[in-house]
Amino acid sequence: MHTNTPISIQNITFAYDKNPLLTDFSLTIEQGSFICLTGESGCGKSTLLRLINGLLIPQKGKIEINGSVLTSKNLISARRNMGYILQGNSLFPHLTVYQNMTFCLALQSVSAEQSKKRIKELLPIVHLPEDILDKFPSQLSGGQKQRVGIIRGIAHKPSIILMDEPFSALDSETRNSLQDLVKSIHKLTNTTFVMVTHSLAEAEKLGTRIVKM
Numbered sequence: 001m002h003t004n005t006p007i008s009i010q011n012i013t014f015a016y017d018k019n020p021l022l023t024d025f026s027l028t029i030e031q032g033s034f035i036c037l038t039g040e041s042g043c044g045k046s047t048l049l050r051l052i053n054g055l056l057i058p059q060k061g062k063i064e065i066n067g068s069v070l071t072s073k074n075l076i077s078a079r080r081n082m083g084y085i086l087q088g089n090s091l092f093p094h095l096t097v098y099q100n101m102t103f104c105l106a107l108q109s110v111s112a113e114q115s116k117k118r119i120k121e122l123l124p125i126v127h128l129p130e131d132i133l134d135k136f137p138s139q140l141s142g143g144q145k146q147r148v149g150i151i152r153g154i155a156h157k158p159s160i161i162l163m164d165e166p167f168s169a170l171d172s173e174t175r176n177s178l179q180d181l182v183k184s185i186h187k188l189t190n191t192t193f194v195m196v197t198h199s200l201a202e203a204e205k206l207g208t209r210i211v212k213m
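Reading the sequence shown from the start, the letters are residues 1 to 213 in my numbering.
Everything labelled a hint here was simulated from the structure, so no lab data went into it. All the given hints hold, so there is nothing to weed out.
In the PhoX-like style, the derived pairs of lysine-lysine whose C-alpha atoms are separated by at most 25 Å in a straight line are: (1) Lys60 - Lys18; (2) Lys183 - Lys117; (3) Lys135 - Lys120.
With the hints as constraints, model all of the structure from the sequences given.
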């Protein structure tokens, strides 16, 4: 296990319908870093995130997660060690806030008691009250939805957190607040973050390294 390089992307090529997005692309991501992927729309930022998560498979090259080459055989175990945070509307509308927050914990068969304990630990960190837990996403503000999404992404203590423009749909005050929150979580946990953003200012604020694609 190469714990100092949790993500190693080696000469990958990926194309949609023979239109190349990534060609012979390589990137090494060190443990505890905060990588911000920037670049114009259509350059492959979100596609790269999906490739790291195993939602897409490269036509050439390979991706190693914690020292193991990502394949169809180990996708599930690899994903269990990742958090994926999207924009707030990615919450499951038919599940309560609590069910959304504990979704990844349930997949890992964490007990109900341990799940409740973990969520109680995280609520004050993201500045959410307990009385929000029985509500549904449609009853929340944009900022609240994103905080719920953050808890869902980190509750199972993943070593890698992927974020795809998580703050782009929010007003500037909420966006700044959540940027500060994510920055503090990164410092607190030393987790490896990879985030897609169109905002260079956001990348400079959060990133330990900026990758322009």
